[in-house]
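Protein chains in written order, with the working numbering: chain A, 1 to 223; chain B, 224 to 449.
Please keep in mind that the hints were generated in silico from the structure rather than gathered at the bench. One thing to keep in mind: the hints can contain errors.
Said to hold, decoys possible - Just so you have them, the derived chain B footprint on chain A, three or more residues with Cβ under 8 Å: (1) 25–38; (2) 76–84; (3) 171–180.
Said to hold, decoys possible - Distance condition first, Cα-Cα at most 27 Å in a straight line; then the derived DSS-like pairs of lysine-lysine: (4) A/Lys-65 / B/Lys-262; (5) B/Lys-339 / A/Lys-126; (6) B/Lys-411 / B/Lys-395; (7) A/Lys-196 / A/Lys-65; (8) B/Lys-290 / A/Lys-126; (9) A/Lys-59 / A/Lys-196; (10) A/Lys-181 / A/Lys-126; (11) A/Lys-8 / B/Lys-438; (12) B/Lys-339 / A/Lys-66; (13) A/Lys-65 / B/Lys-414; (14) B/Lys-256 / A/Lys-65; (15) A/Lys-8 / B/Lys-339; (16) B/Lys-411 / B/Lys-291; (17) B/Lys-290 / B/Lys-234; (18) A/Lys-59 / B/Lys-262; (19) A/Lys-66 / B/Lys-411; (20) B/Lys-234 / B/Lys-395; (21) A/Lys-206 / A/Lys-196; (22) B/Lys-290 / B/Lys-395; (23) B/Lys-290 / A/Lys-205.
Said to hold, decoys possible - To list a few chain B residues with every Cβ distance to chain A over 10 Å, as calculated: (24) Glu-266; (25) Val-307; (26) Met-347; (27) Leu-362; (28) Ala-415; (29) Leu-425; (30) Ile-430; (31) Trp-432.
Cβ coordinates follow ideal geometry from the N, Cα and C atoms, glycine included.
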Amino acid sequence: MLDVSIRKRLNHFELDVSFQAHNEIIVLAGSSGAGKTSILQAIAGLTEPDSGIITLNGKSFFSGKKNSLPARSRNIGYLFQDYALFPHMTVERNIYYGLHKQTTATTGFIIEQLLTVLGISHLLDKYPHQISGGEKQRVALARALATEPDLLLLDEPLSALDEETREECQDELLRLHELWKIPFLIVTHSRSEAEKLGDRVLHLKKGLLVNESRGTMKETLVH
Amino acid sequence: MNLSPLLLSVKVAVISTAIVFVLGVFLAHLFSKRQFFGKSIFESLFLLPLVLPPTVVGFGLLILFGKKGWIGSWLLETFDIQIVFTWTAAVIASVVVSFPLMYQSAAAAFDSLDNKLGDAARTMGASEWRVFRTITFPLAWPGLLAGLVLSFARGLGEFGATLMLAGYIPGKTDTIPMAIYFAVEAGKMEKATFWVVIITALGFSTILWLNWWSKRNLRRFASEKR
């Protein structure tokens, strides 16, 4: 379980949020500049809150400025808004970047499964600039999940895609969540996407959680 | 014709470029994307040799490394090492005048990198050293190489500060620019012309190669952006 309760002074307002997440999909919704990305960065350890606590499955990530676990030790998957694929590495090296040199049979199996589910096995030798936006998104997902994270953070994962690819990728995310059974935390400003993907949707306004709703469309899609 | 000026010039330029590369990359990486009190003062100090007359740089180096200088007297007393009038002095002069070129290129290269790439590596468990080795350094390499080549060319042509600190001792501290100056002074125009042609050819081919190489890289990056 993910437990977040943080405060952080941002440029124009103070971020002050508390929420918990079980193995479900939580959507952080709100207009741009509401502090959504700052929450993801604080959970990942890429920025430090001013105060508060962050724990995942009983492991403390942050409990004050002096008790902060570095990002590399948190075992979190992070999908960046523009994917942040390493431009000088092939798709294969991107996906294997976070794995230790000796890949065990289990990790090998997991990566095979990821490549098959996401349909990107044929792209391994390509460089990021040689593949399409939708393919980049899938490669970045595979890379984020390859390290077998305990939590997946997704920052506007579908905003750069065209309508058709976006719908495909939404279904893919739901399928992956069914397989993976870890908390997914998705940032989006699209209301329809929030409703389609989220078990719960947290609405954020100027750094505060103003409302919580349940994803209305998800039940009918998955079952 | 005695070719020792050519060998000495290349030796001095290679060694000083190696020092400047390590120092410039280290400091530029340390300073990049960090804001702290006094940063612009440090950076202005780093770039100062670019705007000062070489004689002023040489004067400063004499104050430091001369026999009675702060560092020079200590080296002489403790290790019995003399810096002035040796080829080591020529290396020190080259390091100081070419450092700004390396620092500027490296700082620009590091600043232009996307922070997210390093962050992505960190979330995948990479240590800071691994981020530098596998992400920052390879992606900044075109800019670092430009700095490397410019520093080499600058080191090869260094004259003023070298003359102040290393002097002109034939066979010992006579780099090509020195040889040219003292050949002209002695009226040996033929000898001077020979060295002028050599150093012009060296400088020209260095810049030609750098331009060709960076254009090729620009094209590659442009196609990546698509």
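Hint-by-hint comparison with the structure:
1. 25–38: The restraint on the segment 25–38 of chain A is violated, since only 0 of its residues have a Cβ under 8 Å from chain B and three are required.
2. 76–84: With 6 residues close enough to chain B, the hint holds.
3. 171–180: Violated - the segment 171–180 of chain A has 0 residues with a Cβ nearer than 8 Å to chain B, which falls short of three.
4. A/Lys-65 / B/Lys-262: Since the Cα atoms of A/Lys-65 and B/Lys-262 sit roughly 25 Å apart, the hinted pair holds (cutoff 27 Å).
5. B/Lys-339 / A/Lys-126: Since the Cα atoms of B/Lys-339 and A/Lys-126 sit roughly 21 Å apart, the hinted pair holds (cutoff 27 Å).
6. B/Lys-411 / B/Lys-395: Answer holds: B/Lys-411 to B/Lys-395 is near 20 Å, not above 27 Å.
7. A/Lys-196 / A/Lys-65: violated, 37 Å
8. B/Lys-290 / A/Lys-126: violated, 61 Å
9. A/Lys-59 / A/Lys-196: violated, 31 Å
10. A/Lys-181 / A/Lys-126: At roughly 30 Å apart (the allowed maximum being 27 Å), A/Lys-126 and A/Lys-181 break the hint.
11. A/Lys-8 / B/Lys-438: violated, 45 Å
12. B/Lys-339 / A/Lys-66: Measuring from Cα to Cα gives roughly 24 Å; hence the hint holds.
13. A/Lys-65 / B/Lys-414: Given that 27 Å is the threshold and the Cα spacing comes to 68 Å, the pair is violated.
14. B/Lys-256 / A/Lys-65: Status holds; Cα separation ~21 Å.
15. A/Lys-8 / B/Lys-339: holds, 21 Å
16. B/Lys-411 / B/Lys-291: violated, 35 Å
17. B/Lys-290 / B/Lys-234: Roughly 24 Å between the alpha carbons, so the hint for B/Lys-290 and B/Lys-234 holds.
18. A/Lys-59 / B/Lys-262: It is violated: about 38 Å lies between the C-alpha atoms, which goes past 27 Å.
19. A/Lys-66 / B/Lys-411: violated, 71 Å
20. B/Lys-234 / B/Lys-395: Holds. B/Lys-234 to B/Lys-395 sits at ~12 Å (cutoff 27 Å).
21. A/Lys-206 / A/Lys-196: holds, 24 Å
22. B/Lys-290 / B/Lys-395: holds, 18 Å
23. B/Lys-290 / A/Lys-205: Not OK: B/Lys-290 and A/Lys-205 at ~69 Å, beyond 27 Å, violated.
24. Glu-266: Per Cβ check, B/Glu-266 is outside 10 Å of chain A; nearest 26 Å; holds.
25. Val-307: holds, 46 Å
26. Met-347: violated, 3 Å
27. Leu-362: Non-interface label fails for B/Leu-362: nearest chain A Cβ at 6 Å, not farther than 10 Å.
28. Ala-415: holds, 47 Å
29. Leu-425: holds, 31 Å
30. Ile-430: holds, 26 Å
31. Trp-432: holds, 22 Å
Comparing the model with each earlier hint shows violations of hints 1, 3, 7, 8, 9, 10, 11, 13, 16, 18, 19, 23, 26, 27; every other hint is respected.
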